[in-house]
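Engineer: My request is simple: use the sequences and hints to build the entire structure.
Mapping of the sequence shown onto our numbering: position 44 corresponds to residue 47, and the numbering continues sequentially without gaps.
If you are wondering where the hints come from, they were derived from the structure by calculation, not from laboratory data.
Hints are not guaranteed to be accurate.
Taking lysine-lysine pairs in the DSBU-like style, the calculated list, with each CA pair at most 35 Å apart, reads [what the hints assert, rightly or not]:
hint, residue 1, residue 2
1, K105, K163
2, K243, K105
3, K227, K243
4, K163, K227
5, K218, K163
6, K218, K105
7, K218, K104
8, K137, K163
9, K227, K104
10, K163, K104
11, K104, K243
12, K227, K105
13, K218, K243
14, K243, K262
15, K243, K163
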Amino acid sequence: MSAVFEQPSLAHRTWRVFQGFDGPLLFAIAWLGALGLVVMYSAGFDHGTRFVDHARNFALALGVMFVVAQVPPQRLMQVAVPLYTIGVALLIATALFGVTKKGATRWLNVGVVIQPSEMLKIAMPLMLAWWFQKREGQLRAADFGVAALILGLPVALILKQPDLGTSLLVAAAGLFVIFFAGLSWRLIVPVLAAGAIGIVAIVAFGDTICQEGVKWPGMRDYQKTRVCTLLDPTRDPLGKGFHILQGQIAIGSGGVTGKGFMQGTQTHLEFVPERTTDFVFAALSEEFGLLGVVVLVVGYLALIGRGLWIAGMGPTLFARLLAGAITLSLFTYAFVNMGMVSGILPVVGVPLPFISYGGTAMVTLGLGLGILMSVARARRLMPS
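Structural biologist: Structure (structure tokens):
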């Protein structure tokens with residue numbers, strides 16, 4: 004007599020695919036994704052196909068998140084070394100054979116033109132989390148030195164392109180892993196103190212060190228210009244300071260409730276530069292006002308808070324370090340973008356997560372969210 008095996012129903016198989024997805028994290032993603040679509044239509048309805056392309060990119064990011072969420076952290080750990088190695092190799096190839104635009108060699112033609120530094124935003128925390136997982140229970144000071152070398156090589160290659168913004172983001176992602184791995188506060192506090200002293204000195208002596216002909220050691224002229232423009236954007240209001248000044252005007256003119264959906268004058272009269280990409284926060288502030296900014300910030304707080312909770316509950320050291328670094332990287336993106344548009348940080352090419360237009364940035368966001376969801380699922384699906 005042959006055995007009869009009952010086939011699971013389609014509904015049951017679908018449920019198994021989505022089982023373990025974190026509800027609060029999905030809610031925060033839906034909140035920010037919906038806001039991004041509204042803002043992109045309002046700011047970019049007269050800017051070609053930006054809204055349609057943004058919606059497509061967001062759908063692609065959700066697809067990437069869904070696929071990556073199916074991969075358990077143990078499998079993610081297996082791709083850490085290959086992905087990091089490929090990323091560094093591509094950075095070296097970019098330095099040797101890269102495509103140069105506007106004085107920067109950041110792109111590589113491999114049949115299609117790619118920007119290898121974007122890969123390191125994910126590969127770096129993966130690699131360092133893998134390293135500290137391997138050293139769990141036997142961590143020594145020398146292991147932090149090895150971690151610094153793992154971090155320093157690609158950051159130096161990205162700086163050489165030059166691409167200060169991306170290098171800072173990659174460095175931040177790696178430093179978050181090192182911090183969560185147990186780096187001593189005795190090493191962190193002196194660095195923070197030196198940074199604070201440096202900032203105070205730049206502000207205090209800005210008029211002197213920003214004079215023509217004064218060289219800043221270790222920095223290119225355009226990087227010096229960005230900092231000096233931040234200190235006093237009125238030095239060149241129609242040139243280097245234009246972005247900051249117009250962003251501040253747009254933010255201030257929005258008031259509490261904003262000028263209304265699709266009604267931003269600074270935005271649609273082309274005074275706000277890059278209104279659908281790097282400076283989309285200025286467009287949001289003008290059209291939706293302080294209330295719109297609050298809705299955005301609450302969404303980010305929900306996402307970051309849930310991400311840190313998922314990190315804290317991760318089943319392995321690798322999962323905890325990786326999820327924590329990914330979460331704080333998202334915070335860094337949002338903080339740096341809003342800071343530069345508001346005039347409290349230098350202007351760098353950092354997109355606003357979920358809101359800014361950009362395919363590569365959106366796919367990278369989907370990868371990061373997929374990793375968070377993977378860690379959440381691993382905890383939920385663990386046998387009790």
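Engineer: Given the hint that K218 pairs with K104, test it: the Cα-Cα distance must not exceed 35 Å.
Structural biologist: Status holds; Cα separation ~24 Å.
Engineer: Does K218 pair with K105 here, judged by a C-alpha cut-off of 35 Å?
Structural biologist: holds (21 Å)
Engineer: Is K227 within 35 Å of K243, Cα to Cα?
Structural biologist: holds (12 Å)
Engineer: Within 35 Å, alpha carbon to alpha carbon, are K227 and K105?
Structural biologist: holds (17 Å)
Engineer: K137 and K163 were given as a pair; does the straight-line alpha-carbon distance stay at or below 35 Å?
Structural biologist: holds (31 Å)
Engineer: Just to be careful, I want the Cα atoms of K163 and K227 compared with a cutoff of 35 Å; is the pair within it?
Structural biologist: Given pair K163, K227 holds - Cα atoms ~16 Å apart, limit 35 Å.
Engineer: Check whether the Cα positions of K243 and K262 lie no farther apart than 35 Å.
Structural biologist: holds (27 Å)
Engineer: Taking only the CA atoms, is the gap from K218 to K243 under or equal to 35 Å?
Structural biologist: At roughly 18 Å apart (the allowed maximum being 35 Å), K243 and K218 satisfy the hint.
Engineer: Check the hint pairing K243 with K163 against an upper bound of 35 Å on the C-alpha distance.
Structural biologist: With Cα atoms ~23 Å apart, K243 and K163 stay inside 35 Å; holds.
Engineer: Checking one constraint from the list: CA of K104 to CA of K243, max 35 Å. Satisfied?
Structural biologist: Cα-Cα ~19 Å, so holds.
Engineer: Has the given pair, K163 with K104, been kept, meaning a C-alpha gap of at most 35 Å?
Structural biologist: holds (14 Å)
Engineer: For K105 and K163, compute the direct alpha-carbon distance and say whether it is at most 35 Å.
Structural biologist: The hint holds at about 14 Å.
Comparing the model with each numbered hint stated earlier shows that all of them hold.
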